[in-house]
Every structure is written in structure tokens, then in C-alpha cells.
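K.L.:
Just need the whole structure built from these sequences, with the hints factored in.
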Amino acid sequence: MSVLRLPFSNAETVSGLRASGVARGTPLWFVLGFFRIITGLLFVFHGLSELFGIPVAPYGGQTAAFLSWPHWWAGVIELIAGILVTVGFGTRVAALLCSGAMAYAYLVVHQKTGLWPIENGGDLPILFCWSFFLIAFAGPGAFAIRRAL
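Using the numbering used here, you'd call the opening residue of the sequence shown number 120 and step up by one each time.
If you are wondering where the hints come from, they were derived from the structure by calculation, not from laboratory data.
Quantities reported herein were computed from a predicted structural model and do not represent experimental measurements.
Beta carbons: idealized from backbone N, C-alpha and C, even for Gly.
Take every hint as true, because none was put in to throw you off.
Okay, the calculated beta carbon distance ranges per label pair:
no., residue 1, residue 2, range
1, Pro177, Pro146, 30 to 40 Å
2, Phe256, Phe149, 13 to 23 Å
3, Ile199, Leu246, 17 to 27 Å
4, Gly233, Arg266, 39 to 49 Å
5, Gly233, Trp192, 16 to 26 Å
6, Phe185, Pro146, 36 to 46 Å
7, Gly144, Gln181, 41 to 51 Å
8, Gln181, Arg265, 28 to 38 Å
9, Ser187, Pro146, 39 to 49 Å
P.N.:
Quick look at the structure:
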């Protein structure tokens, strides 16, 4: 396997995305940390919107009805797993759960209304699905609370 030497770092090398994640201290490690935090926060805001109407309520001003399938449960996953991903605790498992939830959202909810993501409004679930899939396999990156414990 070839090793990628970063031109701006003579102390660290990265051999791609390994099973243990991205090498600590590299620029890629910090970028992954920021990516995880931003993606997680966006997911948290979707959960807050779905469950409590904060900052705005979806569905024409209505929040999801308590225990309704799949909207209320999606909101719970978005809120709880999104917080875990954002802070970096149980990141890989939470990100895999988020990825699966978004794959379900696209295939079951959005796919019914049209084939193409632009047509059926499924572009955001696809983007979330693959973003969380990346986080699940690359690891949390920098700034994860798990490292502080």
C-alpha cells in the first residue's frame, strides 16, 4: 500500500482511511472533526424542527404527531444520534444509525414520489446518508469528547 505524504506536514503521513480512522494530528483529522460537528448540528436542527418546531416547524407549521411512523421516530433519531455525532461520543455507531435512517427516508418516503433526487426532494437525505456513512467508517476526527474521557 502506498503512503500519501502531505506536502505541508513533514512529521505525519496518512495511509488513507484505515480501519482505525484518520491519523491523529493531520490536517485531514481536523477537517473530519469539523465535518462531523457541522453535519451533526444540521441533523440535530432537523430533529428539533421535527419534534418541537424549533426553529421552524415543517409540514406547513405542524410538528410530527407523538409516536407517528416514520416522522416522529425520525425526529428522535435525528435529535439523539445527531447530538452524539456532534459531541463525538459513540460516533461510529450513532453515525451508522443516522446513515441507515436517511437511507430509509430516501428509499421509503422520497422514492415513492419520483425516480430522481431533484424530483422527489431526496437530495438532502442522500447527502446526509453518505456523510454519516463516511463519519462511521473514517471515525470522529478531532474535537471528539470521547478522547477527553
